Structure formats: structure tokens, C-alpha cells
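Which chain is which? The protein sequence lines are S, R and P, in order. Numbering follows our numbering, in which position 38 of the first sequence is assigned residue number 38; successive positions increment by one, without gaps. Numbering follows our numbering, in which position 66 of the second sequence is assigned residue number 66; successive positions increment by one, without gaps. Numbering follows our numbering, in which position 195 of the third sequence is assigned residue number 195; successive positions increment by one, without gaps.
Some clues are possibly wrong.
Stated by the list, open to error - To give an idea of the interface, some chain P residues facing chain S are shown, with a C-beta separation under 8 Å as derived from the structure: (1) MET79; (2) ALA85; (3) PHE98; (4) GLY99; (5) PHE306; (6) ASN309.
It should be emphasised that the hints constitute simulated quantities derived from the structure, not laboratory data. Note that the coordinates shown come from a computational prediction; the quantities given were computed from them, not determined experimentally. Using N, Cα and C, we set each Cβ at its ideal position, and we do this for glycine too.
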Amino acid sequence: MTATTRILEWFGRLYIWLLLAFLYLPIIIMALMSFNVSPFYQLPFEWTTEWYASLWQNDQLIAATWNSVEIAVIATVICTVLGSAASLALYRYEFRGKKFLQALLFPPIAIPWLITGTAMLIFFFGVGIGRGLHAILLGHVALALPYVIVVVSARLQTFAPELEEAARSLGANQWQVTRRVTLPWIMPGVIAGGLFAFAVSFDQFVVSYFLATPGQTTLPVEIYAAIRKGFTPEINAVSTIIIVVSMALMLLTARFFKFGGEK
Amino acid sequence: MAAATASRSGLRSALPLLAPAYLWLTVAIFLPLSAMVFFSFMTELPLSEKPWAFTLGNYAAFFSQSLYLTLLLASLRLGLEVTLWCVIIGYPAAYVLAKVLKGRSREAIFLLVILPFWSNGLVRIFSWAMVLREGGILDTALNAVLPFKINIDLMYSYPAVIIGLVHSYVPYMVLTCYLTLQAIDDSLIEAGRSLGASRLQVLKRVIIPLSMPGLVAGAALIFVPVVGSFMEPRILGGRTGTFYGTVIEDQFVAVFNWPLGAALSFILLAVVLVILAVASPVLRRAA
Amino acid sequence: MAGVQVSNVSRSFGAHKALDDVSIDFADGGFYALLGPSGSGKTTLLRQIAGFDFPDSGRITIGGESVERVPVEKRRIGMVFQNYALFPNMSVADNVAFGLSVRGEAKATIATEVQRALDLVQLGKLGGRRPHQLSGGQRQRVALARAIVTKPRVLLLDEPLGALDKALRVDMQIELKRIQREIGITTIFVTHDQEEALTMSDRIGILRDGRLVQEGPPEEIYDRPKSEFAATFLGDANIFRGDSTGNGIRLPDGTAIAAGAGATLAAGAKASCAVRPERIRIATEAGTPDAANSNTLKGQISKRIFAGNNSTYFVERAGQTLKVIVQNTGMERLAEGQDVVLHWSPESTVLIAPG
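Produce the complete structure using the sequences and hints provided.
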């Protein structure tokens with residue numbers, strides 16, 4: 001290894017750490033400030049858990065949090081079931097229009113949520129579905145479904161079709177093949193897809209924002225409203241909780257599914 | 001193998017498994033998008049008490065009032081700038097991850113870079129507000145270190161919006177570039193060097209061309225949502241944060257002119273689709 | 001156990017005729033090899049018998065029962081796949097137990113049967129392992145145990161030894177044969193390896209372009225091929241083409257070659273003769289050809305390849321390169337460029353109808 005190479009490598013590492021600092025410092029600062037006595041983020045830092053305590057008294061935030069969790073859980077279950085079924089069908093069968101169906105998965109991912117969200121608002125309002133938690137759930141499932149199908153399909157690509165054939169040759173019917181051979185194999189993909197779906201729903205702001213009503217709202221929408229009214233340390237505290245939860249969730253996902261593809 | 005699937009082929013077997021997912025997508029995505037196009041040609045929402053009629057007025061408004069066009073251009077410029085910054089910051093990072101770091105530390109750092117992307121975007125933007133405002137962390141920290149007094153108040157400014165958006169989207173660029181860079185065989189780089197090319201020449205003539213699909217994918221994935229962003233400019237831009245996205249938001253939550261909002265949304269959708277169409281040949285090559 | 005009859009089975013994929021009017025009778029308890037180059041239809045035929053795919057026309061019976069429209073899971077067959085297709089999420093024992101378990105057998109029965117099957121393939125102690133912890137040969141045995149534990153009517157093997165290295169393959173050939181004899185199951189075996197087909201099977205069927213070219217015991221196919229393709233695909237052969245003389249052919253230059261086996265053809269028709277390289281004697285001078293080796297040709301050695309136990313000589317003669325294999329007896333070694341005389345018996349010469 002030449003001296004130049006070593007210096008370049010050293011710069012490379014330094015650069016990555018600077019990037020990580022850029023990515024994490026604001027979050028860390030926010031987390032620290034949620035434990036600071038001064039509601040105006042004044043230094044010096046003095047430790048308190050007062051904001052977390054008052055968060056506990058804030059019924060509106062707590063209700064919104066429960067709504068968020070409930071919608072995310074239900075959306076995850078629906079997405080995982082519908083998404084896995086669709087992935088299996090796309091994997092197993094050949095039929096005309098299959099390419100088209102696969103291509104249809106990308107608009108929901110690629111189109112900005114602002115457009116999707118306002119379109120949902122107009123349509124749901126127009127056909128009488130209206131706004132509220134049920135509309136938010138309807139929207140969240142649609143947003144997360146393509147992710148689940150893509151993730152489970154990616155896992156299915158690594159599945160050897162002979163395994164299904166072997167199971168059938170041993171007398172297993174379609175359901176037994178699916179339950180005992182195919183599903184166990186794609187399970188990491190299904191779990192990863194489910195966690196993605198949870199993250200998409202739990203963190204979703206834009207679409208929820210357009211579909212929420214004053215009584216029926218989710219946590220991010222509530223936070224946005226609070227931020228626009230003015231900073232409060234309580235928002236800080238709840239934001240810290242959210243970010244810790246969602247990062248933990250993604251770490252869990254990473255355990256089941258490698259982002260960089262199978263190596 | 002043709003023989004393998006032939007006996008189990010057919011839409012009829014696939015349909016029961018496919019129908020629920022695609023019905024859901026139809027009701028919640030495709031019909032709404034179609035409805036949006038439809039409503040954008042109306043004077044009022046049908047179903048409301050007021051009389052309604054077909055009109056091109058909403059589109060005429062876009063083209064006759066320079067405000068909307070100016071804002072769309074401002075949003076496109078914002079998208080370009082953010083994308084450019086993400087390339088400048090993200091590509092080298094992806095390169096270091098793919099070609100310099102090895103083994104477990106690479107995996108761990110890669111995960112760390114990607115992680116914030118899947119955490120709550122709103123909350124991350126909010127955290128910048130705390131850092132950037134006057135008397136905020138950046139201000140306090142710099143004044144504590146520097147011997148002279150300076151005033152850092154980036155909050156409610158264009159740079160603040162840029163910083164927040166770059167922070168939100170740079171992991172995308174790292175991800176897509178990392179995936180293509182990692183697929184480049186090291187021996188290609190060595191071959192280039194052995195043929196007498198300098199590091200810079202290898203970078204320019206081998207590595208960048210080969211990683212182009214990742215760059216384009218990353219750029220498309222960043223540019224499109226940034227053009228449609230409204231929450232970030234609102235929180236970090238304040239009064240200077242009026243963009244095309246915020247105007248659409250206003251039509252729906254403040255002004256309640258939904259048909260105009262639909263027309264503006266549809267114009268944005270058209271712009272987005274054109275951009276995706278332009279990028280898609282490169283993307284398809286990548287896939 | 002049961003025999004399998006394939007009668008006039010055809011199957012097309014679009015314009016491609018994968019199987020074209022194939023009929024074979026697989027006798028009960030026999031070991032049958034389907035041999036052919038890739039794309040010959042041998043795997044398609046196996047998949048028809050297994051029930052993964054149905055024929056366009058024709059009949060397939062297993063044990064006398066018509067099955068051509070019965071799906072694979074109802075055919076009671078056992079199959080070993082090219083890459084073994086062991087379920088990665090199950091232990092070895094669970095893999096073997098799968099077929100019994102989907103049938104709803106009692107746990108105790110399953111355990112006994114699985115152990116018996118694993119013992120049969122000499123893996124009795126490895127039931128708790130996962131497939132990825134096994135060597136290639138061990139996986140092969142598990143796949144075999146899994147296929148036979150359900151007591152299928154037929155055992156189908158799709159290039160089962162293809163993924164193994166040479167030495168292991170020979171071991172497994174012997175092992176497979178032993179197990180097959182022990183349980184006496186009708187076995188159909190797809191391979192592109194002619195040596196494997198010759199050493200293992202009771203009968204061989206050679207396929208080409210979806211058609212059955214020839215079928216019979218290995219000795220018969222080797223000694224009396226009915227077509228140039230059969231002669232050159234199974235083993236090596238020198239082919240002479242000329243006009244039939246009724247009991248041999250006349251080459252274009254007038255040399256007569258007498259044939260003692262093969263088709264009977266009217267004199268004057270186009271015909272060919274096939275001679276195995278190891279049947280030809282090679283000598284430096286003419287001498288007096290005895291009656292047993294009455295076919296004689298002169299030529300010149302263009303190349304010699306020494307392979308230890310034998311040598312292959314390439315002999316140029318009238319624009320044709322002939323192949324002669326001589327056992328290494330340590331006696332004489334001929335040099336390249338040397339003029340030689342080849343002779344062999346009419347009994348080693350097979351007359352083949354043009355095709």
C-alpha cells in the first residue's frame with residue numbers, strides 16, 4: 001500500500017464520519033434538548049424529565065399516538081397478507097399483462113406524496129368515503145403495499161422453484177406447498193416487508209395530513225400543527241421517542257433483510 | 001423453464017391472489033389520480049351545494065398568473081440544487097463505503113447512513129429548526145468557540161430549506177450509488193491503473209460511467225419528491241419558504257379551492273412523469 | 001411398485017416439438033436410463049411421467065392406471081432433482097419426513113420410516129443436521145431417502161449425479177444401484193452422461209429432437225446401434241458411408257467392407273457402417289489378414305494421444321480421419337506419420353440404414 005493510498009483512505013474515513021455527524025447531530029441535539037430544563041433550549045444544559053412527564057398529561061398527543069400505532073399495526077397486517085399473496089401470484093404464474101401489473105407498483109412509490117395525498121382527499125371526499133382514520137388507513141395501506149410486494153418479490157427471486165416441485169412430487173397439495181415450503185423461505189422478506197409497511201405508515205405525514213380531521217388525526221400531523229404554532233419542549237420529547245422507535249424498527253428490519261442485496 | 005410453468009399457468013389461478021392488492025391500489029391510488037385529473041376541469045367540486053361546470057379556467061390560471069409558473073420554476077430550481085448537493089455529498093461517501101471500507105465496519109456504517117432515512121422525516125426537519133435558529137445550537141456553539149461575536153440565524157431562509165432537504169434525501173443518493181459502485185469489479189479499476197491511467201482518469205473513464213445508473217436513480221428519487229415538498233419549506237423557510245408545493249397545500253387546507261389545487265397537482269404530476277420518463281432508459285439499464 | 005407405459009406421447013411448446021410421438025415401456029422393477037443431448041426431450045419426458053406437465057396427446061400409465069391428466073401430487077412417484085431441492089428450512093429428518101407428514105401419517109410411524117430410509121442411505125446419524133451442513137454426496141443421499149420413504153410406485157431421477165465430482169459420482173452410481181436393487185423399485189433416470197447410462201441401467205432409451213431414436217439393453221445399443229446418431233452418441237464410432245452390398249458396403253473408392261451385424265438392406269441402397277475404435281487392430285505391415293479380420297484399410301497415423309491405459313491413434317485414410325484405440329500392453333508404440341494397416345472383423349461392423 002502506497003503512502004498516497006493510505007492518505008486517501010484516511011480522508012475517506014474522515015469524510016464518512018463527517019457525513020454521519022451531519023446526519024446525526026441535529027437528532028442528537030434534539031434528543032438532548034428534550035432533557036433540558038430551559039423550554040427555549042438555553043444552555044447551560046440542565047437535566048430534567050419534566051417534558052416527558054408533561055407529555056404524559058397531553059391527552060391530545062397521546063390520543064394521536066394511539067391512532068398512529070393502531071393504524072400502523074392494522075396497515076402492516078393488511079399489507080403483509082395482501083402483498084405476500086400478490087408477490088406469490090406474480091412469482092408463480094405466467095399470464096398476459098403481468099409486466100403491466102408489476103409496472104403499476106412504481107407510481108405509488110415514485111409520485112410525490114403531495115400529489116397522491118391531495119388526489120386521495122378529492123376522491124375520498126367525492127365518493128363519500130370522506131376523511132378520518134378510516135381514510136388514513138386506506139391511504140397508508142396503498143402507499144406501503146408496493147414496498148411489501150417489491151421486498152417479498154426480491155426474496156422470492158432467491159427461491160428455487162424445484163423446492164415447490166419437490167414438495168408436490170412428495171404428495172403435498174398447493175396449500176401444503178405454500179405453507180410448509182414457500183412461506184418459510186420468504187418469511188424474512190415478509191417480516192422485512194411488514195416492518196417497512198409499519199415504518200411507512202407510522203412515519204407518514206403528508207397523506208395523513210390531507211386526510212385527517214380535527215378529532216381523527218395521527219401523531220405526525222399533530223406534531224406539524226404544534227410546530228407551526230410554536231416550539232414546545234413536549235414536541236421535542238415526543239419527537240425523540242418517535243425517532244428512537246423508528247430507528248430501532250429499521251435496525252430490526254436490517255437484521256432480516258440486507259439492503260445491499262444478498263452477498 | 002417453459003415446461004415447469006406451463007401446467008400451472010394462467011391468470012385464473014393468479015387472480016384470487018392478486019385481486020385484493022390491486023383492488024386496494026386502484027381504489028386508493030389509481031382512481032384518486034384519475035379523479036384528480038377529472039376535477040381539475042371543474043369550477044366547483046360536484047357534490048358540493050354550489051353549481052358546477054366544466055372549465056379550463058384552472059389551467060388558464062396557471063398559465064395566466066405568472067405567480068404559479070414562477071413558483072414551479074422555484075421548486076424545480078430547489079429540486080436541482082438539492083439533488084446537486086446530494087450528489088456532491090453522497091457520491092464520495094458511497095465510493096468510500098463501496099471501495100475503501102471493508103467487512104463488518106462497512107456494513108455497520110452503511111446501515112448508519114441509511115438509518116435516518118427511514119426515521120420520521122418531519123421530526124428530522126424539526127430538529128434542524130432547533131439547530132439553525134438564532135440562539136440555537138449552531139449560534140451558541142460557534143460563539144462559544146470563536147473569539148468574536150457573530151450572529152448565525154439561518155432559520156427561515158433559503159439555505160435552511162436546502163440544508164434540511166439535503167439532510168433528508170442524501171441517504172437515498174448514498175444507497176443507490178453504493179449499490180452500483182459495489183457491483184463494479186475491483187479488477188476493472190486495477191486494470192485501468194495497470195494500463196497507465198491515473199486515479200482521476202480511472203474515476204472519470206471507468207468508475208463514474210459504470211455507476212451512472214445509480215447516480216441517475218438517486219437523482220430521480222430525490223428530485224421528484226423535493227419538487228413536491230411543502231412541509232420542509234414551511235418549517236424551515238418560514239415566509240421565504242413559499243414554493244409550488246406549499247401553494248398546492250394552501251388550495252386544499254387554507255383557500256379550499258380544490259379544483260385549482262387539483263389542476264396544480266396534475267401539472268406537477270405531468271412534470272414528474274416527464275422527468276421519470278427521461279430517466280427511465282438509464283434506470284432500465286440499471287435493472 | 002409398478003411399471004410405466006408411455007404411449008404415443010407428444011408435447012409442444014409453441015412451435016417447438018419437445019416430444020414427438022414417444023412410446024416406451026418401462027418394465028416393473030427395471031432401471032431405465034433416458035439418454036440424450038440437451039434439448040432432446042429427455043427431461044420433458046421425465047416431467048410428463050412425474051406429472052409436472054401434461055402431454056398434448058398420448059397416454060401415460062403407471063401400474064396400468066392411466067395418469068396423463070393426474071397432477072404430480074396425486075401420482076405417488078418419488079423424484080430426485082438435479083440440485084437435490086432439499087428444503088433449506090428443515091432438518092434432514094424433516095426433509096425425509098415431509099412426504100409422510102403431508103399425507104397425515106402418525107408421528108411414530110413417520111419417525112420409524114424416516115430412520116429406516118436414512119439407514120438405507122447410510123445417513124442414520126445425520127437426521128438432525130441442516131441440508132447446508134452436508135456434503136454434496138450426503139445431500140444426494142438425503143434427496144434419495146426423501147424420494148423413496150413414501151414407497152412411491154416409480155422413482156424418477158433427473159441428472160441426480162450431475163453436480164458431483166467424478167470420484168464421488170462413481171461411488172454414488174454403485175450406491176444408487178445397490179439401493180435400487182434392495183427395494184426393487186422401477187427407476188427412470190435422466191442423464192446426458194453415456195458412461196453413467198451404460199454402467200447403471202438395465203435398459204437405455206436414446207432421445208434426439210423429441211423422438212426416441214433407439215431403446216434396449218446397453219449391450220445391444222452399444223453393439224448394434226440402429227443409426228449413426230446412436231452409434232456416435234453412445235460411445236465412439238468410425239462411420240463409413242457407401243452403397244449397400246447386402247451384407248456390407250462398398251466405399252466410393254471401391255473398397256468393400258463386410259458387416260456381420262445390423263440391418264439387412266437391399267444391394268445398391270445408400271448405407272453406412274459403424275465400427276468401434278477399440279475393435280480395430282493396427283499394424284505396420286499388411287501381413288495376411290485372417291478370415292476373422294477380413295476388413296482391411298491402409299492409412300497414415302496423423303496423431304497419437306497417450307492416455308495411460310490406452311492410446312488413441314488418428315489415422316488418415318482417403319480424406320477421412322479414423323479413430324483406433326489400442327490397449328497399452330507395453331508391446332509397440334507407433335509414431336505419428338507412420339503408414340499403417342487397419343483390420344477388423346465383420347462381426348465388429350454394424351450395417352446402418354441411412355437416416
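Next item on the list: Answer holds if the nearest beta-carbon of chain S is closer than 8 Å to that of GLY99/P; otherwise answer violated.
Entry: Holds, because the Cβ-Cβ distance from GLY99/P to chain S comes to roughly 3 Å (cut-off 8 Å).
Note to self: Is the interface hint satisfied for ALA85/P? The criterion is a beta-carbon contact with chain S at less than 8 Å.
What the structure shows: holds (4 Å)
Next item on the list: Hold the hint about MET79/P up to the distance rule: shortest CB distance to chain S must be less than 8 Å.
Entry: OK, holds: MET79/P within 8 Å of chain S, min 4 Å.
Check: Should the interface hint for PHE306/P be scored as holding, given a Cβ-Cβ cut-off of 8 Å against chain S?
Finding: At 42 Å from the nearest chain S Cβ, PHE306/P fails the 8 Å test, so the hint is violated.
Item checked: chain S contact restraint on PHE98/P - CB to CB distance below 8 Å -> holds (5 Å)
Check: Is the hint on ASN309/P kept, meaning its closest Cβ partner in chain S is under 8 Å away?
Finding: violated (39 Å)
Checked against the numbered hints given earlier, the structure breaks hints 5, 6 and satisfies all the rest.
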